[in-house]
Amino acid sequence: MPRRILFVTTDQQRYDGLGCNGGAVARTPVIDSIAREGIRYTRAIPSNVVCMPSRSTMLTGQHVTTHGVWMNGVPLPVDAPSIAMDLWRNGWRTALIGKAHFEPFLDPFALFTENSLASLGEETVYRESGDGRREPHRGFEHMELATHNGMGPLHYAKWLRENHPEAVAMLYPILNSQLQVNEAGGGDTGAPQVKHNPIPREWYHTDWVADRAISWLGNQDDSDDWFCWVSFPDPHHAWDPPMSELHRVDWRQLDLPAGWVDDPVECERILAGKPAHWLAWYHGTFVSNYEAPAKWVPATLTADQVREVNAMVHIQNELVDEALGRIVGLLRAKGWYDDVDIVFTTDHGEFQGDFGLLFKGPYHVDSLMRLPLIWRPAPSRTKFTPATVDSPVGLVSLAATFADIAGLPRPDYAEAARLPLDDGEAVDLGHERVLTEWDSVLFGKIVSLRTITRGSWVCTATLPGSLHDGTDGELYDLSNDPLQHVNLWHDPSHRAMRDDLLDDMWRNLPDASSPRRACEAPV
Amino acid sequence: MGSVRRHAILASSADTVWAFIGRPEVLHEWFPTSSTRVEGDKRWVTLPSGIVFEEEILLVDNDLRRFQYSIINNPLITHHVGTVDVIALADDRCVAIYGTDIEPEVLGLAIGAAAGDGLRALQERFGKG
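Chains as they are written, first to last, in our numbering: chain A, 1 to 523; chain B, 1 to 129.
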């Protein structure tokens, strides 16, 4: 019986974006159905809350300090470990369709392979390995790549330019004329990165990714083992789903999210209880990275803008679900559905109005760290009972999970055990804690965080940087403070818990490589 | 303002290295560019992406072993100065330093990445010091 893995990722999707996780707006019946048949993780955590480091962890099974992609713009070395390469070496067909982002996007000198494939007209490039074998880029023998808009060198942009050139300008320009994240507002409320996009749905990147995945899968033989990573760019900003779909969710009818603090005074009070970079960003005085528009001040965000952004995200989530439904339809039509392990997750979350903020950055709270993660093992491969796993697990476990599905031993390079099938197995496999790291150095603005999630506690240490002297941090009791409004870091009654968590974290964080690799682009 | 700096230590004399990278017309032989054209104190550099930078050569100082240039007449780039220095560390060892100051700042990172690529090419040519 062939073994097959469908690995589906979204980008910047919150845990509560899915119906199966309690989301009450976006209809996600396909993902919900997969969740009912499989394992749904209620506390899945990334190693980093931006794309490149998090995706590098998925591929390598390593923490950020080990794979070295410490912020967006730092490329993953081409010879870095890759679970896709292990599968390919074992005879699997391998594809990555959609957003890769192991290498920077802004690449005027064409230094990076991801950015050259479309113009080369090649499915991948092959390099000689240490033992003389020719191996495909990161183990993927087929790559068709996309990002969030129609500009640039990737396959989707090329396809759009060649087939529907009038549509390129329909998509929101994520960068402004200064190559900064665009602050321009649109839609009905002027919310940043929102646009009413006239692009026909079938030209939008979500459906393009599904089309290309269906094409590749349709060409696999019944006897093939395959690993297909389908990587949807949504619901990452820009929030510009096809306007033909806006009828799905009326932003005027939406409740504000639980994390939104309506009273600005109260919002500032909550932020003032956290390390200084929170309130400084809220007021627009300290923008530490390229994850949000430099010229946008979060304190100006209105309740209606939050509603509209959320409506756009819900629509994007529905389109992803329907696109996944088309792929699942192909698996069923081929008679493969019960032979495929399906893993669904995302790389990091999004504020969507929590704490009066949008986008992401050095903020280790549920908005950015609690992710959807679902694993539906192939029923024909293994016996399991559908379950909900509440133990914290990390995306760092994905590589070992894929190896396990393939019947391979846990790779030497992988730093975490495979995902557990239930909470009991979580203990057996050593899923005691998950570690999350943040580092950003941007022309003198430095922020570094190290976080441990264990049980119902999240503890973040700030390292010395532009605003911190290394003594501040965050401690949240998720069971009593699910919105993480009360920072217990300085509370004497919680000092023992804080110190125990920190000790645990420092003992388990891998040593960082030195010197740190250069950041080669903003994103 | 984006300010970046990269360096590489090379296993050759400073004079040998400078004799190569002090020639503005051979940029494409070490820096990740497709072609270079020099006329007087102007240089046109074509990137692999097809972008062409028009540059003004500000300084070629054979004594200091310093080359400086500026990207000009570019609708996006409002300020730029790039500097390449070659400094002797020993008779057969030197350091090549590339620095750039640019607005918009984000381009500094991309140019820094290209400089890193170029400096690695110099290490292949002259040896890693």
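Some clues are possibly wrong.
[Unchecked claim] Restraint ranges, calculated between C-beta atoms of paired labels, are given here:
hint, chain 1, residue 1, chain 2, residue 2, range
1, A, A303, B, H79, 21 to 27 Å
2, B, D117, A, H247, 33 to 39 Å
3, A, P409, B, D92, 46 to 52 Å
4, B, H28, A, G335, 52 to 58 Å
5, B, H79, A, P200, 37 to 43 Å
6, B, R5, A, E266, 54 to 60 Å
7, A, A258, B, H79, 41 to 47 Å
8, B, R5, A, A280, 57 to 63 Å
9, A, G424, B, D117, 48 to 54 Å
10, B, L59, A, P77, 33 to 39 Å
11, B, A121, A, S177, 29 to 35 Å
[Unchecked claim] When the alpha-carbon atoms are kept at most 20 Å apart in a straight line, the in silico SDA-like pairs for lysine to any residue are as follows:
hint, chain 1, residue 1, chain 2, residue 2
12, A, K158, B, G50
13, B, K42, B, I77
14, B, K128, A, S514
15, A, K295, B, Q123
16, A, K158, B, L47
17, A, K445, B, M1
18, A, K295, B, M1
19, B, K128, B, D91
20, B, K128, A, A518
21, A, K295, B, E103
22, A, K295, B, T78
23, A, K295, B, K42
24, A, K295, B, E105
25, A, K295, B, D91
26, A, K445, B, S3
27, A, K383, A, D423
28, A, K158, B, R125
29, A, K295, A, K383
30, B, K128, A, P515
Simulated from the structure, these hints should not be mistaken for laboratory data. On a predicted model such as this, the values are computed, not experimentally measured, just so you know. C-beta: ideal position from N, C-alpha, C; glycine also.
Status of each hint after checking the structure:
no. : hint                           : result
1   : A303/A with H79/B: 21 to 27 Å  : violated (40 Å)
2   : D117/B with H247/A: 33 to 39 Å : violated (49 Å)
3   : P409/A with D92/B: 46 to 52 Å  : holds (48 Å)
4   : H28/B with G335/A: 52 to 58 Å  : holds (55 Å)
5   : H79/B with P200/A: 37 to 43 Å  : holds (41 Å)
6   : R5/B with E266/A: 54 to 60 Å   : violated (45 Å)
7   : A258/A with H79/B: 41 to 47 Å  : holds (46 Å)
8   : R5/B with A280/A: 57 to 63 Å   : violated (27 Å)
9   : G424/A with D117/B: 48 to 54 Å : holds (50 Å)
10  : L59/B with P77/A: 33 to 39 Å   : holds (36 Å)
11  : A121/B with S177/A: 29 to 35 Å : holds (32 Å)
12  : K158/A with G50/B              : holds (15 Å)
13  : K42/B with I77/B               : holds (17 Å)
14  : K128/B with S514/A             : holds (19 Å)
15  : K295/A with Q123/B             : violated (40 Å)
16  : K158/A with L47/B              : holds (19 Å)
17  : K445/A with M1/B               : holds (13 Å)
18  : K295/A with M1/B               : holds (15 Å)
19  : K128/B with D91/B              : holds (15 Å)
20  : K128/B with A518/A             : holds (18 Å)
21  : K295/A with E103/B             : holds (16 Å)
22  : K295/A with T78/B              : holds (18 Å)
23  : K295/A with K42/B              : violated (35 Å)
24  : K295/A with E105/B             : holds (14 Å)
25  : K295/A with D91/B              : violated (50 Å)
26  : K445/A with S3/B               : holds (13 Å)
27  : K383/A with D423/A             : holds (16 Å)
28  : K158/A with R125/B             : violated (36 Å)
29  : K295/A with K383/A             : violated (53 Å)
30  : K128/B with P515/A             : holds (17 Å)
Consistency with the previously given hints fails for numbers 1, 2, 6, 8, 15, 23, 25, 28 and 29, ordered from lowest to highest.
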